[in-house]
Amino acid sequence: MEYKTAGCPDCKPLERRTALKMAVGVALGLNFTSGAKAQNNDPRNARPQPGDRMVFADGERKGNIIAAADLLAGATQIHAFPVDPTSQLVRDGSRLNKILLIRCDHESLNEETRRRAVDGIAAYSAVCTHQGCDVGAWDAETKTLWCPCHDSKFDPRENGRVVSGPALKRLAALPLKQVDGELAVAAGFSGPVGFQNR
Amino acid sequence: MDSNRNKVKLALLLSVIGFVPVAADAQVSNYSPVTDARLQNPERENWLMYRGNYEGWGYSPLDSINSGNVAKLIPVWSYGTGVGEGHQSPPMVNNGVMFVTTPQNQVIAMDARSGDVLWHYKKSLPEDLLQLHPTNRGVALYGDKVYLATVDAHLVALDAKTGKVLWDKVVDDYKKGYYCTLAPLVTNGKVMVGTSGGELAIRGFVQAFDANTGETLWRTYTIPEPGQKGAETWRGDDWKTGGGSVWIQGTFDPKLNLTYWGVGNAAPWAGDFHPGDNLYTSSVIAIEPNSGAIKAHHQYHWNDSWDWDEVTPPMLIDVQRGGKTIKGLVHPGRNGYLWLLERAADKISFVSAKPYVTQNAFKSIDPKTGRPEYAAEHTPRKGTLIDFCPSLWGGKDWPPAAYNPKTKLVYIPSNDNHCGSLKSKAEEPMVAGELKLGVEIPDIKMIVDPNTKTIGKLQAWDMAKGERVWAQDFESHSFGPVLTTGGNLVFQGGTNDRYFRAFDATNGKQLWQFRTNSGVTAVPMSYMVDGVQYVAVQSGWGVDAERMQGSLIAAGYKRKNYDPNVPIPQGGVLWVFAVSK
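In the order they appear, the protein sequences are chains A and B.
Under this note's numbering, read the first sequence as residues 1 to 198, first letter to last.
Under this note's numbering, read the second sequence as residues 1 to 581, first letter to last.
Don't read these hints as lab results, they were simulated from the structure.
Glycine included, C-beta positions come from ideal geometry on N, C-alpha and C.
Any given hint could be a false lead.
With a cut-off of at most 16 Å between alpha-carbon atoms, the simulated EDC-like pairs for lysine to aspartate or glutamate come out as follows [what the hints assert, rightly or not]:
1) Lys354(B) to Glu377(B)
2) Lys176(B) to Asp139(A)
3) Lys445(B) to Asp92(A)
4) Lys558(B) to Asp449(B)
5) Lys445(B) to Glu141(A)
6) Lys175(B) to Asp151(A)
7) Lys62(A) to Glu428(B)
8) Lys175(B) to Glu434(B)
9) Lys445(B) to Asp151(A)
Pairwise CB distance ranges, derived in the manner of DEER restraints [to be verified]:
10) Glu112(A) to Glu373(B): 25 to 33 Å
11) Glu112(A) to Pro569(B): 47 to 55 Å
12) Lys240(B) to Gly59(A): 38 to 46 Å
13) Gly531(B) to Glu141(A): 54 to 62 Å
14) Glu112(A) to Ala231(B): 52 to 60 Å
15) Lys382(B) to Ala140(A): 48 to 56 Å
16) Pro564(B) to Ala140(A): 14 to 22 Å
17) Gln27(B) to Arg114(A): 41 to 49 Å
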């Protein structure tokens, strides 16, 4: 059984056990925010925030703002870090903040992905859910995002689902929006990021 | 909120959701401290280190289980580790107490006779950890402590009786690509570990810690810096991120007081990126454990371009050749050659090298120095897709070979009949903690002849004659470490059909097999409690065995158990076997 969280279409559904634990925990006054606090107070470590823009994480244009036009149809994914548009602070304090952006044919996206995408541009956590490597390669044959460490492959058109390889969990999606014509983060990651296989 | 109130609330919470933790009997009674004398002359009923002895033999003198009764071997107890990925470590046994590690850095202490859990330790790993090799190869035992080297590059000392953390030292920064998967080596009050991370822009090293306090005593890099001997074999700043990982426990000669370590390949994989011989990568180095000084070395092959690290240390074996006894260093190389070297206090001398699998990258071996001459057409370089044999997985990857002093045979867990191809890419800077291979990832391929029927091959070699005595071929590739025993037996798993097998050590005939839960890629071992001999091994497929499986499927190898839609099951189980009465 799954519990949908009201008013947050992109939030991950809670498993029944988790929801029950939280309900009991609240009744007992236990603190469930310690995980969030683990990111500590350094704003560089904070996960992508609504309104954040994105900058190139590496390469010759490292640190430059990424525009929608930088994402070309048929090109491989771009790695990015979120940046606070007001303070210009780049949230590169944790590798778990790394984002991958890729432009697909908008019509090829499934409904959930399309809802989070902007003009066919989809965004996901760049960190593999298997053992935490960067999803740094692209398999042109299967048109999948490819983690070269252990060969897990993910479909960017279908909400980052696992296509093959040892990963068990899909990549967390990052909803996008346009703000004044700029590519921006619409909401936080849709689920946990980092390695989840045990 | 104080901790007692938290505990009460946690207990209430757990009771509400239907789970109440049971207090464990977290205590080992009558623990026998592990001394240098015991490590140098381990009792036959125990298994006190990774390969059972300092010589690296993987040999148990026990003979109650033997070629005459092994067919009656049955499982007597098992233990589910609760985690997936590649289980590679042998249980260590000290007078009836067993310590076994798993991926994600758990250590479980058990009653070796019954399987009763005595204590359970689990390292808390950072959430942003990148695990290129999510595995562990075992603990070290010394005094009344248990030592664990972790995937986030820590060395942890546990109380052998309780599992309590006595100290926890950072070896290096995991965010910069450093991690540890090896079982530490202990001698004379020093705990030695090496570092993995060759694909993540590290400079490899061996580091010694005080066994009592955890204080760092020395660190010796496997790659010299400017001004040090061997630095001339590197270009510019390449040495700073040149790889040279050390991720398998070294061997030790107490008489020479020298430890021997296998060193990984130069980074990145492409030789174009690091011109020069690149000492001491793809080498064996002899380190004096009091000072950390490198006393001798031999480089198996220079300027690696095939991802052939030579990280398994040589076995210390006396070899009779030409009427004299050679104090040998025997190494079945990932480069596909079986090396015999001679060790002395201040040098390592080349004796012989012979291919034990199909190898086309070396044109010849210098008979005096052992330096190979390369076949240019099979040496990867920039801009051209180059094929070579064996593939990057090598003639033998990390799984250790074994030596039986009764049969005087060396048993090699090899893979044959496979080739690969690589193409170097344009140079790019190495970035600490980021995967950089120096080759085009889509071009990393295996090549297998469509008529190939077998890949895994367990081989027995007579080092005195330099000849292969017997071989067992498997349809599956093999990632099976080898155990040999005084009972004229060789044990090995490693295949994707999930079997764990026993062979006659003399003639190679298969005598027994048992189908486990998963693929057996862990180091098997044997021990005795109350006069009963046991054989123990973990079954848990993953890491490189799984990756080679995927590469073979991609190469079109269409034998049984190579279906892309039917993965080899994961999840670790420790199996303990004894002869049925």
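Verification of the hints:
| no. | hint | verdict |
| --- | --- | --- |
| 1 | Lys354(B) to Glu377(B) | 21 Å, violated |
| 2 | Lys176(B) to Asp139(A) | 27 Å, violated |
| 3 | Lys445(B) to Asp92(A) | 34 Å, violated |
| 4 | Lys558(B) to Asp449(B) | 11 Å, holds |
| 5 | Lys445(B) to Glu141(A) | 14 Å, holds |
| 6 | Lys175(B) to Asp151(A) | 22 Å, violated |
| 7 | Lys62(A) to Glu428(B) | 14 Å, holds |
| 8 | Lys175(B) to Glu434(B) | 9 Å, holds |
| 9 | Lys445(B) to Asp151(A) | 13 Å, holds |
| 10 | Glu112(A) to Glu373(B): 25 to 33 Å | 58 Å, violated |
| 11 | Glu112(A) to Pro569(B): 47 to 55 Å | 30 Å, violated |
| 12 | Lys240(B) to Gly59(A): 38 to 46 Å | 21 Å, violated |
| 13 | Gly531(B) to Glu141(A): 54 to 62 Å | 59 Å, holds |
| 14 | Glu112(A) to Ala231(B): 52 to 60 Å | 56 Å, holds |
| 15 | Lys382(B) to Ala140(A): 48 to 56 Å | 21 Å, violated |
| 16 | Pro564(B) to Ala140(A): 14 to 22 Å | 18 Å, holds |
| 17 | Gln27(B) to Arg114(A): 41 to 49 Å | 59 Å, violated |
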